[in-house]
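Asker: Sequence:
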Amino acid sequence: MEQTAHLTRQLSGKLLTYTDVCLDEFRKEFKKKMENIDKCNRITVKIGSSTLTHAATGRLNIRRIEALVRVLSDMKNAGKEVVLVSSGAVAAGASKLGFPAKKRTLAEKQALAAVGQTELMRLYERLFASYGHSVGQILMTKDVVDDAHRLELVK
Numbered sequence: 589m590e591q592t593a594h595l596t597r598q599l600s601g602k603l604l605t606y607t608d609v610c611l612d613e614f615r616k617e618f619k620k621k622m623e624n625i626d627k628c629n630r631i632t633v634k635i636g637s638s639t640l641t642h643a644a645t646g647r648l649n650i651r652r653i654e655a656l657v658r659v660l661s662d663m664k665n666a667g668k669e670v671v672l673v674s675s676g677a678v679a680a681g682a683s684k685l686g687f688p689a690k691k692r693t694l695a696e697k698q699a700l701a702a703v704g705q706t707e708l709m710r711l712y713e714r715l716f717a718s719y720g721h722s723v724g725q726i727l728m729t730k731d732v733v734d735d736a737h738r739l740e741l742v743k
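Just so you know, we're using the working numbering here: the sequence shown kicks off at 589 and counts up by one.
Hints in this document: simulated from the structure, not taken from any laboratory.
Glycine included, C-beta positions come from ideal geometry on N, C-alpha and C.
Warning: the hint list may mix true and false statements.
As the list claims (entries may be wrong) - Think about it this way: if two alpha-carbon atoms lie no more than 16 Å apart in a straight line, the pair counts; the simulated EDC-like pairs of lysine to aspartate or glutamate are:
{"id": "1", "residue 1": "Lys684", "residue 2": "Glu707"}
{"id": "2", "residue 1": "Lys684", "residue 2": "Glu696"}
{"id": "3", "residue 1": "Lys634", "residue 2": "Glu617"}
{"id": "4", "residue 1": "Lys634", "residue 2": "Glu669"}
{"id": "5", "residue 1": "Lys616", "residue 2": "Asp662"}
{"id": "6", "residue 1": "Lys697", "residue 2": "Glu707"}
{"id": "7", "residue 1": "Lys668", "residue 2": "Asp626"}
{"id": "8", "residue 1": "Lys664", "residue 2": "Asp626"}
{"id": "9", "residue 1": "Lys730", "residue 2": "Glu740"}
{"id": "10", "residue 1": "Lys616", "residue 2": "Asp626"}
Unchecked claim - Taking CB as the label site, the calculated pair distances span:
{"id": "11", "residue 1": "Asp731", "residue 2": "Arg630", "range": "23 to 33 Å"}
{"id": "12", "residue 1": "Lys627", "residue 2": "Lys684", "range": "35 to 45 Å"}
{"id": "13", "residue 1": "Pro688", "residue 2": "Lys627", "range": "44 to 54 Å"}
{"id": "14", "residue 1": "Arg630", "residue 2": "Arg738", "range": "17 to 27 Å"}
{"id": "15", "residue 1": "Met728", "residue 2": "Lys664", "range": "18 to 28 Å"}
{"id": "16", "residue 1": "Val723", "residue 2": "Lys684", "range": "10 to 20 Å"}
{"id": "17", "residue 1": "Glu696", "residue 2": "Ala666", "range": "33 to 43 Å"}
{"id": "18", "residue 1": "Arg710", "residue 2": "Val673", "range": "12 to 22 Å"}
{"id": "19", "residue 1": "Lys697", "residue 2": "Thr639", "range": "17 to 27 Å"}
{"id": "20", "residue 1": "Gly724", "residue 2": "Phe614", "range": "20 to 30 Å"}
{"id": "21", "residue 1": "Gln698", "residue 2": "Lys627", "range": "33 to 43 Å"}
{"id": "22", "residue 1": "Lys627", "residue 2": "Thr706", "range": "32 to 42 Å"}
{"id": "23", "residue 1": "Lys690", "residue 2": "Lys620", "range": "28 to 38 Å"}
Modelling step: build the complete structure from the supplied sequences, incorporating the hints.
Answerer: Here is the structure:
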């Protein structure tokens, strides 16, 4: 389906908002990849920075995040256990602070992640709460994932 800059469009006699069109496209793609989703009790979704942000600006793509939260909330309402694994803290921090997209030092990435993590959690909390769901977080770094003992403690 061709996306346009219009906020609304006529589709099969039903007026849909741009958000609904994005949501429908997200659902179709998600269902293609997860044909047996009805058989799953736990669904883990990994979202990266490129999914959370606009490619042109690097700022958060609110419509896409709203669509994701809506779909995940619906799955939760259907009785599924839903786990969202979200990166994007550095991108969210850079977006909030207007930090230029350039090669960043470790210290800059850490500072941007500290700002961005609170932004992402605030956004997730607000969006999931609108569907009656709570959020929590577990912060993990590569060294946790690479260490079998530490990873087992997280589980």
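Asker: If a hint holds in the structure, say so; if it doesn't, say that too.
Answerer: Hints, one by one, checked against the model:
1. Lys684 x Glu707: Holds, because 8 Å separates the two Cα atoms, which is no more than 16 Å.
2. Lys684 x Glu696: Status holds; Cα separation ~14 Å.
3. Lys634 x Glu617: With Cα atoms ~14 Å apart, Lys634 and Glu617 stay inside 16 Å; holds.
4. Lys634 x Glu669: Roughly 14 Å separates the two Cα atoms, so the pair holds.
5. Lys616 x Asp662: It holds: about 15 Å lies between the C-alpha atoms, which stays within 16 Å.
6. Lys697 x Glu707: Roughly 15 Å separates the two Cα atoms, so the pair holds.
7. Lys668 x Asp626: Measuring from Cα to Cα gives roughly 9 Å; hence the hint holds.
8. Lys664 x Asp626: Holds. Lys664 to Asp626 sits at ~12 Å (cutoff 16 Å).
9. Lys730 x Glu740: Between Lys730 and Glu740 the Cα gap is close to 14 Å, so the pair holds against 16 Å.
10. Lys616 x Asp626: holds (15 Å)
11. Asp731 x Arg630: 23 to 33 Å: holds (25 Å)
12. Lys627 x Lys684: 35 to 45 Å: Since the Cβ atoms of Lys627 and Lys684 sit about 40 Å apart, the hinted range of 35 to 45 Å holds.
13. Pro688 x Lys627: 44 to 54 Å: holds (46 Å)
14. Arg630 x Arg738: 17 to 27 Å: holds (21 Å)
15. Met728 x Lys664: 18 to 28 Å: Because 22 Å falls inside the window, the suggested range holds.
16. Val723 x Lys684: 10 to 20 Å: holds (19 Å)
17. Glu696 x Ala666: 33 to 43 Å: holds (42 Å)
18. Arg710 x Val673: 12 to 22 Å: Holds, since Arg710 and Val673 (Cβ atoms, about 18 Å apart) stay within the stated range.
19. Lys697 x Thr639: 17 to 27 Å: This hint holds: roughly 19 Å between Cβ atoms.
20. Gly724 x Phe614: 20 to 30 Å: Hint holds: Cβ distance 24 Å, inside 20 to 30 Å.
21. Gln698 x Lys627: 33 to 43 Å: Holds, at about 41 Å.
22. Lys627 x Thr706: 32 to 42 Å: Because 37 Å falls inside the window, the suggested range holds.
23. Lys690 x Lys620: 28 to 38 Å: This hint holds: roughly 36 Å between Cβ atoms.
Of the hints listed earlier, there is not a single one the structure fails to meet.
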